[in-house]
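Student: Following the hints, position chain U against chain E.
From first to last, the protein sequence lines stand for chains E and U.
Sequence positions in the first sequence follow our numbering and run 35 to 327.
Sequence positions in the second sequence follow our numbering and run 3 to 531.
Among the clues, some could well be false.
With a straight-line Cα cutoff of 30 Å, these simulated DSSO-like cross-link-like pairs (lysine-lysine) come out [as the list claims (entries may be wrong)]: (1) U:K97 - U:K84; (2) U:K349 - E:K60; (3) U:K157 - U:K329; (4) E:K60 - E:K82; (5) U:K105 - U:K143; (6) E:K60 - U:K355; (7) U:K97 - U:K483; (8) U:K157 - U:K131; (9) U:K305 - E:K60.
Here chain U is said to cover these stretches of chain E; the calculated rule only asks that three of the stretch's residues, wherever they fall, bring their Cβ under 8 Å from a Cβ of chain U [stated by the list, open to error]: (10) 58-69; (11) 179-188; (12) 216-226; (13) 231-245; (14) 285-298.
Everything labelled a hint here was simulated from the structure, so no lab data went into it.
These numbers were taken from a predicted model, which means no experiment stands behind them.
Yeah, the Cβ is synthetic: ideal placement off N, Cα and C, and Gly gets one too.
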Amino acid sequence: MDKIKLLIQVLILISVSPLVSGFIKKIKNIIRMRRGPGLFQPYYNMAKLLQKEEVISENTSWIFRSTPVIVACSSVCALFLVPVFNTSVAFTQMGDLIFLMFMLALGRFFLALAGLDAGSAFGGMGSSREMFISAFVEPAAVMAVFAVSLSAGSTSLSVISAAGGTRLSSLIASAALFIVTLAETSRIPVDNQETHLELTMVHEAMVLEYSGRSLALIEMAAHIKQIIFLSVISLLLPLSGVLFFIIKIAVLAAAVAVVEISMAKMRLFRVVDLLVFTFVLSMIAVIVSGMGV
Amino acid sequence: MGIEEKVSEEFKKAGIIPLKIESPFADEVYIDVKAEDFKKTCIFMHKRFNSPVMAYFACDETATANDGAFIIYCTFESIELKNWLFIRYEIPAGKGEYVSIAKEIYSASLFEREMSEMFGLFPDKSPDKRSLRLHEEVWPKGQFPLRKDFLREIKTSVSASRYVFNRIAGEGIFEIPVGPVHAGIIGPGHFRFSVAGEPVVNLEIRLGFTHRGVEKLFENRSPAECLKLAENICGDSAFSYSLAFCCAVEKVYAVTVSENAEFQRGIFLELERLYNHIADIGGIAVDVGFSFPAAYAAVIKEKILEVNNEIAGSRYLKGINVIGGIKSGIGITQRKYLIDSMEEIEKDFRELKSMLLSSVSFMDRVDGTGILDKNTAEDLGVTGTAGRASGISMDLRADFPGIYLDNDFKIVTQSDGDVLARLNLRINEVEASIGIIKKFLNILGNENSIHSGNTNARAGYGLGYVENWRGPVLFWLDINKGGLIERCKIVDPSFRSWQGLALAVPGNIVPDFPVCNKSFNLSYPGNDL
Numbered sequence: 035m036d037k038i039k040l041l042i043q044v045l046i047l048i049s050v051s052p053l054v055s056g057f058i059k060k061i062k063n064i065i066r067m068r069r070g071p072g073l074f075q076p077y078y079n080m081a082k083l084l085q086k087e088e089v090i091s092e093n094t095s096w097i098f099r100s101t102p103v104i105v106a107c108s109s110v111c112a113l114f115l116v117p118v119f120n121t122s123v124a125f126t127q128m129g130d131l132i133f134l135m136f137m138l139a140l141g142r143f144f145l146a147l148a149g150l151d152a153g154s155a156f157g158g159m160g161s162s163r164e165m166f167i168s169a170f171v172e173p174a175a176v177m178a179v180f181a182v183s184l185s186a187g188s189t190s191l192s193v194i195s196a197a198g199g200t201r202l203s204s205l206i207a208s209a210a211l212f213i214v215t216l217a218e219t220s221r222i223p224v225d226n227q228e229t230h231l232e233l234t235m236v237h238e239a240m241v242l243e244y245s246g247r248s249l250a251l252i253e254m255a256a257h258i259k260q261i262i263f264l265s266v267i268s269l270l271l272p273l274s275g276v277l278f279f280i281i282k283i284a285v286l287a288a289a290v291a292v293v294e295i296s297m298a299k300m301r302l303f304r305v306v307d308l309l310v311f312t313f314v315l316s317m318i319a320v321i322v323s324g325m326g327v
Numbered sequence: 003m004g005i006e007e008k009v010s011e012e013f014k015k016a017g018i019i020p021l022k023i024e025s026p027f028a029d030e031v032y033i034d035v036k037a038e039d040f041k042k043t044c045i046f047m048h049k050r051f052n053s054p055v056m057a058y059f060a061c062d063e064t065a066t067a068n069d070g071a072f073i074i075y076c077t078f079e080s081i082e083l084k085n086w087l088f089i090r091y092e093i094p095a096g097k098g099e100y101v102s103i104a105k106e107i108y109s110a111s112l113f114e115r116e117m118s119e120m121f122g123l124f125p126d127k128s129p130d131k132r133s134l135r136l137h138e139e140v141w142p143k144g145q146f147p148l149r150k151d152f153l154r155e156i157k158t159s160v161s162a163s164r165y166v167f168n169r170i171a172g173e174g175i176f177e178i179p180v181g182p183v184h185a186g187i188i189g190p191g192h193f194r195f196s197v198a199g200e201p202v203v204n205l206e207i208r209l210g211f212t213h214r215g216v217e218k219l220f221e222n223r224s225p226a227e228c229l230k231l232a233e234n235i236c237g238d239s240a241f242s243y244s245l246a247f248c249c250a251v252e253k254v255y256a257v258t259v260s261e262n263a264e265f266q267r268g269i270f271l272e273l274e275r276l277y278n279h280i281a282d283i284g285g286i287a288v289d290v291g292f293s294f295p296a297a298y299a300a301v302i303k304e305k306i307l308e309v310n311n312e313i314a315g316s317r318y319l320k321g322i323n324v325i326g327g328i329k330s331g332i333g334i335t336q337r338k339y340l341i342d343s344m345e346e347i348e349k350d351f352r353e354l355k356s357m358l359l360s361s362v363s364f365m366d367r368v369d370g371t372g373i374l375d376k377n378t379a380e381d382l383g384v385t386g387t388a389g390r391a392s393g394i395s396m397d398l399r400a401d402f403p404g405i406y407l408d409n410d411f412k413i414v415t416q417s418d419g420d421v422l423a424r425l426n427l428r429i430n431e432v433e434a435s436i437g438i439i440k441k442f443l444n445i446l447g448n449e450n451s452i453h454s455g456n457t458n459a460r461a462g463y464g465l466g467y468v469e470n471w472r473g474p475v476l477f478w479l480d481i482n483k484g485g486l487i488e489r490c491k492i493v494d495p496s497f498r499s500w501q502g503l504a505l506a507v508p509g510n511i512v513p514d515f516p517v518c519n520k521s522f523n524l525s526y527p528g529n530d531l
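Chain E extracted, bound-state conformation:
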């Protein structure tokens, strides 16, 4: 029974994940005094991409062709570890938060390889930047995870969210994870999803060679990754239950949109300052949780 519930939960999250992106875009456009595309535009994009012919460079290897599948699978796999509607034991046996982080890192690893594979200048540039940024993001994320695990006594997400209660340490950790989310979902101030300028791209430059179905898979993986991060943060925040979960996701998404609107993208090397700050924030969360608050 648990397994079926789990499967249903994952399917629901996958199907609403593009909506979150559409929602963020909508809020941004409203603030910018524009009408913007509709909430369901990401679905239409997906449908369009699925129908398109795919162009694959002759110079690519199997890595380029298998990466979209690997990335999508790793994201879906990570999604299985997020207990949103059901915090039963089934999750604990499958893997913990650290496994989730590594699952996402696996997808990124292959994306970076695929960026290099086609041999275009932009892809290589994107891969190098992505790895540069992730070298700072991952420690911050893992530290934040440690902070919450320390107070819950387990690295399993279901145990952590079941522990409940509001702790200062998990609030600080979720603040750190929020910045991590911005970086991981290629948002301003770290990256800019909306830009057409190849030279400034990070994530987009890496996947510039993809088209058609492969691109659809990669985009889907990005939507899923985004909902994973938002879900993890909302699990650390107080108030549980399905309704509150939806509200929390909406508020977090709105916060992402507001951050994106209210500042310029940082200079590439300045991102290090932000991410080091995030790491320090996570460290503080660890210390605070060590103090038992």
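Tutor: Structure of chain U alone, referenced to chain E:
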């Protein structure tokens, strides 16, 4: 003392004996020199008047003149004498080489490359022999389009020769080729970055992809016919191009434009400056991912375009100029509307300005990015907006004031030469332009006679010039006895400034290039012609 005497005084000091000095117009002096004196004279003029080579071009008179020759003109601007100085000499038709001045005056080098491919006149010992607009890959060798004997039927074809980029070698240095096809809707240009990781070591820009043979298109057509052509060379500067063209024709025809029409032209010129500067300010915000002010700037720009449409019937200010004046003036009721709109735009712009300048994340991106220092800018001959941001105090509106004279026009400059300086310069110029428009409207009052002067066709040559939002736009026209254009030389402010961009970028990181590029916002069609 007349201008001829003043110039010959100067020559006496330099110890050069000119063949002839003539001044057909109050602001142009033509100085004929011997071929062997040419280089010496140019260097002297360049140093004495601290002017880059403003234009440097040839005319093919092998068919018309008695002795058959190419005439070379090298133009400097003297702010001190309030004159354009044309140093002129002849190259006999059979001789394909001439003395290069590019080693001594760097701002001449692009013009020399242009002359070699367009006329087959090759400078001796020229530092750079590569072609500029007629790409080796497709252009048939030995065809020189601006020569009179060029056949228009000649077709391009793929050839074996290749353009050679400057190569930077070293461990860890690699090249990033970008363009000529870009992701946005912009002109085509190829940018070759040599980078060491993210920092750019060298940037080479290759242009010419939108070369349409504009100067050739003018030939053998009447000025009236060419007005539309002049207007459509560069879409974002439609008004200033047609104005510069009209000025040149009016000069040759000796037409006096009524003061009223002059002021109205001034208003349109400033409107063009306004919408472009504001679009650029928004563009700088876009390129650093600061989307709210970018959207705000787009709203203001749209407002100005609507104003343009309302008062001129054209959003991009086309079809306003006629030779001798303007087609139909700004109506009395429209003037009230224009003043009100200016107030509104001023208010919105103040908002935009404070939004940008008070944002820490934005200032961090633009401050100190893409520095073009003054010496480099002077050597390259960077003029206009980009030049003034690097501290070069040159603006045709102040150098040759005309209608701006009694309106205490002041040149705006910045000293730092970075993206922020170019941004601040635009902000200051926008504020100044709004003031100028209001002032001109006041002067116009209810006066509404814009009778354009008689156009009595004459033969002759003359220079039309306008300081548009990018910088000085020059049109040199030679109209023959049949009333047709014999030669038209156009110099866009972007022509020399592109090299300024190429030298402002090294030392910055690759992702900062777009914002550097936007802060210059140079023209592809104006450069490629």
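Student: Hint by hint, say whether it matches the structure.
Tutor: Hint check:
1. U:K97 - U:K84: Violated - the C-alpha atoms of K84 of chain U and K97 of chain U are around 35 Å apart, more than 30 Å.
2. U:K349 - E:K60: holds (28 Å)
3. U:K157 - U:K329: Given pair K157 of chain U, K329 of chain U is violated - Cα atoms ~39 Å apart, limit 30 Å.
4. E:K60 - E:K82: holds (20 Å)
5. U:K105 - U:K143: holds (26 Å)
6. E:K60 - U:K355: holds (26 Å)
7. U:K97 - U:K483: holds (27 Å)
8. U:K157 - U:K131: With a Cα-Cα distance of about 23 Å, the restraint between K157 of chain U and K131 of chain U holds, given a limit of 30 Å.
9. U:K305 - E:K60: holds (24 Å)
10. 58-69: holds (count 5)
11. 179-188: Contact hint for the region 179-188 of chain E vs chain U: violated, 0 residues under 8 Å.
12. 216-226: It holds: at least three residues are needed, and the region 216-226 of chain E offers 3 whose Cβ sits within less than 8 Å of chain U.
13. 231-245: holds (count 4)
14. 285-298: Since 5 is at least three, the answer is holds.
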